[in-house]
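Produce the complete structure using the sequences and hints provided.
So in UniProt numbering, spot 77 of the sequence shown is number 77, and the numbers just go up one at a time.
Hints in this document: simulated from the structure, not taken from any laboratory. Ideal Cβ positions, reconstructed from N, Cα and C, are used throughout, including at glycine.
Pairs of lysine-lysine, BS3-like flavour, derived with a Cα cap of 30 Å:
id: 1; residue 1: 86; residue 2: 275
id: 2; residue 1: 139; residue 2: 279
id: 3; residue 1: 279; residue 2: 420
id: 4; residue 1: 251; residue 2: 86
id: 5; residue 1: 346; residue 2: 331
id: 6; residue 1: 276; residue 2: 86
id: 7; residue 1: 262; residue 2: 251
id: 8; residue 1: 251; residue 2: 220
id: 9; residue 1: 139; residue 2: 275
id: 10; residue 1: 276; residue 2: 220
id: 11; residue 1: 275; residue 2: 290
id: 12; residue 1: 290; residue 2: 374
DEER-style ranges, computed between Cβ atoms:
id: 13; residue 1: 283; residue 2: 132; range: 20 to 30 Å
id: 14; residue 1: 50; residue 2: 78; range: 26 to 36 Å
id: 15; residue 1: 82; residue 2: 348; range: 46 to 56 Å
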Amino acid sequence: MPFDEHSAQLRSHVLGPSGGWLGEATVFISDLFGLWDIFVLMTIFVISWIIVRIVAPVMSIPLGLIFDLSIPMQYQNHDFTRENHKEHLSGYWPVFLAGTAVEVVSFFMLFPDMFTLVVATKTTICLTIWLSRREDGSKVSFAGPSGTTPRPAVPRRAVPRPAAPGQPSSLPGPPSAPRQGSGSRQPSSSQQPGAGEVPSNLSAINHPGIENVRQAMGKKYPGAEDALEAAGYDNDTREGMLVHMASAGSKRVPGLVETWLKTANNPADMASRKKKYAKKAQQYRLDWEKRHPEHKTQSTKGASGRSTKKMIKHSEHSQKTWDFINHILAKQIQKEKPRGPDGWVKFLQRYGIPVISLEAPLLEDKIPLKEQEKRYQFLTDYKHGLGLPSEQVNGMMMEMLNQPTVEEADRLFAYWRSVKNMPRAQREAFRRDTDERYKKWEWHEASDNKRPAVRMPWQGPEEEEE
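In structure tokens, the structure reads:
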């Protein structure tokens, strides 16, 4: 096998799935200077070995932990990677603890030169064991699983990488066989889940959480899902793979997709991935609906095909209706051009749209002032909250306090809290929406009708100027 193929397989099978910061650094240096990954990795190894051997014994211990502890901890401390590398981590920690015990005993029994040799050897062994295992704990094999006949050569597929605006995707076009549209990715009713697979009733309709991930990954890695579908992965498996791509770093995704495509002809790998990523997609749907109870869909109830078509048809009809209403309102706004808060209130009330009252909020006395202030701080805090401007937050607080019940107000604030965990594109859309929606609260301070600006209850009465 050519040397460049060995280097490419090292990236896709070892550095991409399990390399952590070491894999990212190796890939970055390799791409920057045009070197093969294996040469960069060997250079890092030699330099690190020399440093560990020449420093003081006390310093050699933390230097060794930079490799054999920090890299596995990257996958241990992340929810998605911890679940994905569960078997990998469970097999590594006993080896690491045993090596650390030997290291501690050697510190008190050996000379400094011999002790640094033990530290360097232990770090090398632990790192080799970690990198030599797949995500599911199986041994890495560049020539396919042991005991299987070599599969026929598969033409190399282009690896999906983030495409710059205005540039075509690096992936080939869709296959010549007819393919269903993006709105009908459901498996046909004749396809039955095989042994060990997760039933596909959870993906009977387009799940909003999965669709958000699909859109984000489609923009960042155009053509990736098409290539996976052409390789033979079903809908549930592709959804789990998209979720995994969203949790992985942008430098690891090309290696992951390349591995999935290259090993698609291996029945053992295909069956293992179908089971693994279908479960991942199912768990993501359940976790997403726990975080967004207001968006809970019928997908977790196993909707039938007929009811699914009804729901999709009803959704499309509702969307067309709202588009028509927005079109009519936009024309009326251009025609009447309402001015100031009073003009907008009259305009909205004329069309039956509820308007936030400018009088005392309904729930001002029912929600404690400390809780109101806590929510206000969350909406304005840039570090731990949403970081919205105070003018918008004032409008949001007034809307929350004017809800008919405390439960409705809590539900509205729970939705605002969930925005922090949404993808960046959705957070930006939320900011734009709130900016347009609550602009009217700025008019109290800028208008000439001398109406008082909105003040929060805990701020007390406005002091009169002397």
